[in-house]
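**Q** On the provided structure of chain A, position chain B as indicated by the hints.
Protein sequences appear in the order of chains A and B. Residues 1 to 164 (our numbering) make up the first sequence, in order. Residues 1 to 417 (our numbering) make up the second sequence, in order.
I should point out that these hints are in silico values taken from the structure, not numbers from a laboratory. Check the hints yourself; a few may be wrong.
Example chain B residues on the side facing chain A (calculated, C-beta under 10 Å, incomplete) [claimed, not checked]:
(1) Val142
(2) Arg244
(3) Ser264
(4) Met386
Every residue, glycine too, gets a C-beta built ideally from N, C-alpha and C.
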Amino acid sequence: MLKGRAFKFGDGISTDHIIPGRYAHLRSNLPELAKHVMEDADPAFAGRVHQGDFIVGGSNFGLGSSREHAPLVIKMAGVSAILAKSVARIFFRNAINLGLPVLICDTDKIKDGDELEIDLASGIIKDLTTGVQLNSGRIPEAMLRILDEGGLIPYIQKHGDFHL
Amino acid sequence: MGKTLAEKILSQSSCVEAKAGDIVIAGVNLSFVQDTTGPLTVRQFQAGKFARLADARRTVLFVDHAVPSPSSALSNDHMLLRGFAAEMGCLISDIGCGVCHQVVAESFARPGDVIVGADSHTVTAGALGAFATGMGSSDVAVAMALGKTWFRVPETIRVVARGGFAKGVGAKDLILHLIGRIGADGASYKALEFGGDTVARMSMAQRLTIANMAVEAGAKVGLFPSDEVTRDYLRAQGRGGDYRPLVADAGAVYEETIEIDTPSLEPTVSRPHTVDNTAPARELKGVKVQQVLIGTCTNGRLEDLTVAAAILKGKKRSPDTRLLVAPASPQVLLEAIRAGHIAALVEAGAVLLPPGCGPCLGLHQGVLGNGEVCLSTANRNFQGRMGNPESFIYLGSPATAAATALTGEITDPREVL
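Only chain A is shown next, with the shape it has when bound in the complex:
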């Protein structure tokens, strides 16, 4: 069971919002890179987010670049899951590959700052602030197997191959 606070963002948050290309020189210095997480969407985010909190996006979250650093800095900031109405393909795969859950649900029902409780196994999201309960679509089976091992590298280390 995950519990934390919602940080709400709008539609079309790109990987350039999440971690701008101008910080590419910090990509081999992850602690420094992570200080800029979500900077072009909300410059205050990095200073306010706490371990276990959630990023709640709108549609097409994470569109753009293939940079795995985008979900990586979100994970490093302590975010325990991303909720969105829809999520861009490469970002989705990258997040799961790093062991960061992504849940698809009607995020219009969640407000910035709401306390959420998420049961990953059932996909049920409880908004403790408003009492609203949301059901997320199931994470595809193949991706769930990777997520269950903590990401793609641990999955392949354990299984030696794809058994999806």
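**A** Chain B in isolation, oriented as in the chain A frame:
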């Protein structure tokens, strides 16, 4: 039942009868990274304790995004990639050797290949009939090690373009129009498959421009049939033996078919800050532009420089508009030099950048100032993309870019042709 191009390629590469919705484990024919995603790929490869590459001759590390290096940190990343290439015996395409997607088209991609690259614009090679898609560093690290990856076989949206282009209108206008029509997530998780007589007559350069931007509609791949154009292109690249014809089956099942009447298309521009925020160039007259960029993996080919040089030859850029030109590869640069295009562009006031990604991703070589406007032939205009969230990026064709450089404001190229 007939197969789409995506189903056909993934069936062959996975040795099962793959249909949309299936999960397949596909053999990978080419894996590559670039200098902003490669270091993490190397670290994930090492974290996975992989001893060797599945196929070193089909693994390429490109140093193209920050070239020549603008900082010691990025120089160190370049060193990391050179060291990994030396250790593993794979190929390295170092500074000045061109943008990964252009070099993949020129030297590596084959019809029917499965190609994975740690760069979202890996879709570019779909122009040659390759199932080419962008992935993150972990996925590419595993593909490099195992020579395979997993895919959900995508549903396909067929795009049928008919009637040829009007003067001053081309491939870039077609793909911007399509993205404006279906939206930045209009093809999410799906394959786009292009056909129709406009496509049949389209040069490889134009196909590459369109395939390159498939990801801007969210697509997994942007596929073209492998036909006479593909054959002639591969022959001209000295790779005639890599050609094989590849078309979708007549009975293939498409999720949707989108018809585009290409003669009615106009020069099209994406406005800040999303690619699907399109408008006809003529409606944006009066928007002052401080910088024009012609180049990148979208429009840095010989044909693009030819169009720009034809408009700018014997003229001068607007004194208020900087003009940057970045050929996509040394082959393009050399051909453009021999054709006289580089002289024409430099005489018109262009600044010539080395083959590479240039200022497209905001690292160097033309970062915009606060409030500045750029008209770029690249593929993304996200806020902050060119290094400054306080700046504004419009996307257009090489013709629109050249016309804009002449007048200093967004200009429909038909006004200057």
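**Q** So which of those numbered hints doesn't the model satisfy?
**A** Of the numbered hints, 2 and 3 do not hold.
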